[in-house]
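Participant: Sequence:
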Amino acid sequence: MGIRMAYFRLRLGYLGPRALLSKGVGVEWPRHVRIGADTSIGPGVYLWASSQGHINIGEHCAIAAYIRIVTPTHDPAALPIAAVRINRSVEIGDDVWIGTGAIILPGVRIGSRSIVAAGAVVTKDVPEDVLVAGVPARIVKTLLPAEIRQENGRRALNAKRTRS
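Numbering-wise, the working numbering puts 133 at position 109 of the sequence shown, and it's gapless, one number per residue.
FYI, nobody ran anything at the bench for these hints, they're computed from the structure.
Glycine residues also receive a C-beta, built at the ideal position from the N, C-alpha and C atoms.
Take these hints with a grain of salt, some might be off.
Derived EDC-like pairs: lysine to aspartate or glutamate, alpha-carbon spacing no greater than 20 Å straight-line [to be verified]:
(1) K148 / E115
(2) K47 / D62
(3) K165 / D149
(4) K165 / D153
Computed spacing ranges between beta-carbons, pair by pair [what the hints assert, rightly or not]:
(5) A101 / R33: 36 to 44 Å
(6) P169 / I105: 41 to 49 Å
(7) G26 / L103: 43 to 51 Å
(8) I110 / T186: 47 to 55 Å
(9) R179 / L103: 54 to 62 Å
Throw the hints in and build the complete structure from the sequences for me.
Facilitator: In structure tokens:
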């Protein structure tokens with residue numbers, strides 16, 4: 025384990041086994057960030073937890089480069105706008121893939137086995153087993169059932185081992 029991973033293991037609320045954080049990952053309020061086992065966080069990702077807003081990322085997730093996950097926001101119904109801060113936790117399920125440059129806004133829950141396309145801005149909850157894309161993110165496709173996707177994954181891994 026390198027120095028970076030040792031640092032994150034000490035600072036984060038939880039860092040699961042075999043989780044990997046690339047160079048350039050930034051974290052605010054690290055004690056309020058939990059990252060599950062076998063999850064990979066790409067370079068330049070910024071995880072902005074807050075005093076009352078936690079970030080929980082499940083197991084086996086692929087978080088690509090330059091993603092922003094934020095928990096604090098402001099109340100647009102209150103003035104002065106900068107004076108009233110709201111904190112809402114973000115929950116990301118297991119086996120989620122978030123594409124490069126996506127932004128996950130406060131209070132969002134992303135269901136297990138879903139995919140967030142590159143550049144998407146997620147403003148609302150995402151159900152399980154869907155692909156979302158766009159600004160704001162919308163469901164563009166329902167994914168195959170988990171059992172079929174798991175079998176496809178096993179076949180792909182076996183084929184890769186056979187070629188090696």
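Participant: All hints, please: hold or fail.
Facilitator: The hints, checked one at a time:
Distance restraint check for K148 and E115: the Cα-Cα separation of roughly 12 Å lies within the 20 Å cut-off, and the hinted pair is therefore satisfied. Pair hint K47 plus D62 holds up; C-alpha atoms about 17 Å apart against a cutoff of 20 Å. For the hint linking K165 to D149, the alpha-carbon distance of about 15 Å falls within 20 Å, and the restraint holds. Pair hint K165 plus D153 holds up; C-alpha atoms about 9 Å apart against a cutoff of 20 Å.
Restraint check, A101 to R33: a C-beta distance of roughly 41 Å satisfies the suggested window 36 to 44 Å. For the pair P169 and I105, the beta carbons lie near 44 Å from each other, so the given range of 41 to 49 Å is met. With their beta carbons about 47 Å apart, G26 and L103 fall inside the hinted range of 43 to 51 Å. The beta-carbon spacing between I110 and T186, approximately 53 Å, falls within the hinted interval of 47 to 55 Å.
Evaluation of the 54 to 62 Å hint for R179 and L103 yields a pass: the beta carbon distance comes to about 58 Å.
Checked against the numbered hints above, the structure breaks none of them.
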